[in-house]
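From just these sequences and the hints, can you work out the full model?
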Amino acid sequence: MLGKLKNANLDLLLPEPLLPPDLESYPEFHSKYINSKNTNALINLSHGTTTLAFRTSQGIIVAVDSRATSGTYIASQTVHKVLRINSHILGTMAGGAADCSYWERYLSILCIKYELENKKKITACIASKLLANIIYSYKGMGLSMGTMIIGGDGKTLDIYYVDNEGTWIKGDLFSVGSGSTFAYGVLDSEYRFDMPIEESIELGRRAIFNACFRDAASGGGVSIYNVQTSGWAYLGRFDTSDLYWNNYKK
Amino acid sequence: MECLIGIRGKDFVLLASDSVAGRSVVAMKKDHDKMFQLSSKLLMAVSGEGGDTVQFAEYIAKNIQLYRMRNGYDLSTKAAASFTRRNLADYLRSSTPYMVNLLIGGHDDNDGADLYYMDYLGSMVNLPFAVHGYGSFFTLSIMDRYYKEDMTKEQTLALLQRCIDEIHERFIVNLNSFKVKIIDKDGIHVLKDIRPTTKPPVEAEGTQQQQQLMDTA
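Note that the protein sequences, when read in sequence, are chains A and B. The first sequence maps to residues 1 to 250 in this note's numbering. The second sequence maps to residues 1 to 217 in this note's numbering.
Bear in mind the hints are in silico, worked out from the structure with no lab data behind them. A virtual CB, placed ideally from N, CA and C, is assigned to each residue, including glycine. Hints should not be assumed to be uniformly reliable.
[What the hints assert, rightly or not] Straight-line Cα separation of at most 27 Å, DSS-like style, residue types lysine-lysine; simulated pairs: (1) A:Lys129 <-> B:Lys29; (2) A:Lys129 <-> B:Lys179; (3) A:Lys119 <-> B:Lys62.
[Unchecked claim] Computed, partial: chain B to chain A, Cβ under 7 Å: (4) Ala21; (5) Lys29; (6) Val54.
In structure tokens form, the structure reads like this:
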């Protein structure tokens, strides 16, 4: 197995799925070690989150919460759920933190490889399809990811939603995670394609805040990014309690 | 929760699919196109499990293109459908079966227009009209009642509109718009999205009287 890892071929064609040794079958492994209903399970996956991204005429706004939970315990309030794939492309994290951060990091390697081989920047369409194909080869093996690949190559700007079932869809507005339905409520009420940038930042912040208010598994703070054709920019982190007491409490 | 509709008319096939891409209870995308172009006069509408649909459709489409590149001519509708069915059947008892239901519509110079209905178990049949999904429970009877051989495009679109109106009327899931495409001897034509006909709101019986009573009281 180690030899296989050392000679891992970073081909743009699908690498053969690298499986851990001594594994009889994935369903058995899954129910024995990962099943969150099993209290003796050694691995407790944290799925609670709210992430969103939407496109306006002025660019793309990405907003995420920062809480990680294992069951009813809050493991962290300061998780970085936006992963920087390259200077023009961001990825969001929802579902299994390890799955998302590992595979999106692997995706950054593939993006560099693409740029070297093709002498041009990679688009979100290609990057997200690369990720979707990798995830598809692990289908049924217990990956848990609901991620958005956001950005472009300097001329295009797209948002693609990719998840562990193999879904790959392009859109102008997505929200992913346990609190996504709450975020959708606020987003759908006020979203317009031709919103000014300040209004869209406030909308993203408000939508995540409302989701954190109602969803127990989301909270901590709201992190906001803005993506333009020239690249992404980090706009800051707003603590949810501060937002409640200072801004939104009525 | 997805609905695919196919109707064969006089020398053309009409394919319609709902445009909702959902995940659990959320409609993530409302203008999703579920039809894939296999060749210049072959179209495939796919529904089923998330990743399987796109992966299988792209696999078939690329292989049909490869045949064209190698041999210089397109596969006939019947041959392409058989090829698709063989792949579905071969993968069925493997560790990675494809859970996809399809409609393939195409036009040949020899056989004219053809519609093939295929399901995830690898069964295939040539039909004059076909529907996949829960929508079939509501629309197949309408097709049985009003379908005739060799209908014109306008007649087929009217029949499709009836079907979509019935789905909107009785199906509990909101399928608000359908993407529509026609395949005929000139190739694949994309038509405007079809939505259920809006009817004026129906007031419940007795509200008029109740309102009058409340006004006088």
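Checked hints:
Among the hinted pairs, lysine 129 of chain A with lysine 29 of chain B is consistent with the structure: their alpha-carbon atoms are about 17 Å apart, no more than 27 Å. Between the alpha carbons of lysine 129 of chain A and lysine 179 of chain B the distance comes to roughly 24 Å, so the proposed pair stays at or under 27 Å and holds. For the proposed pair lysine 119 of chain A and lysine 62 of chain B, the alpha carbon gap of about 25 Å is at most 27 Å, so the pair holds. Interface hint status for alanine 21 of chain B: upheld, as the beta-carbon distance to the closest one in chain A is roughly 5 Å, under 7 Å.
At its closest, the beta carbon of lysine 29 of chain B sits 5 Å from a beta carbon of chain A; the interface hint therefore holds under the 7 Å criterion. Interface hint status for valine 54 of chain B: upheld, as the beta-carbon distance to the closest one in chain A is roughly 6 Å, under 7 Å.
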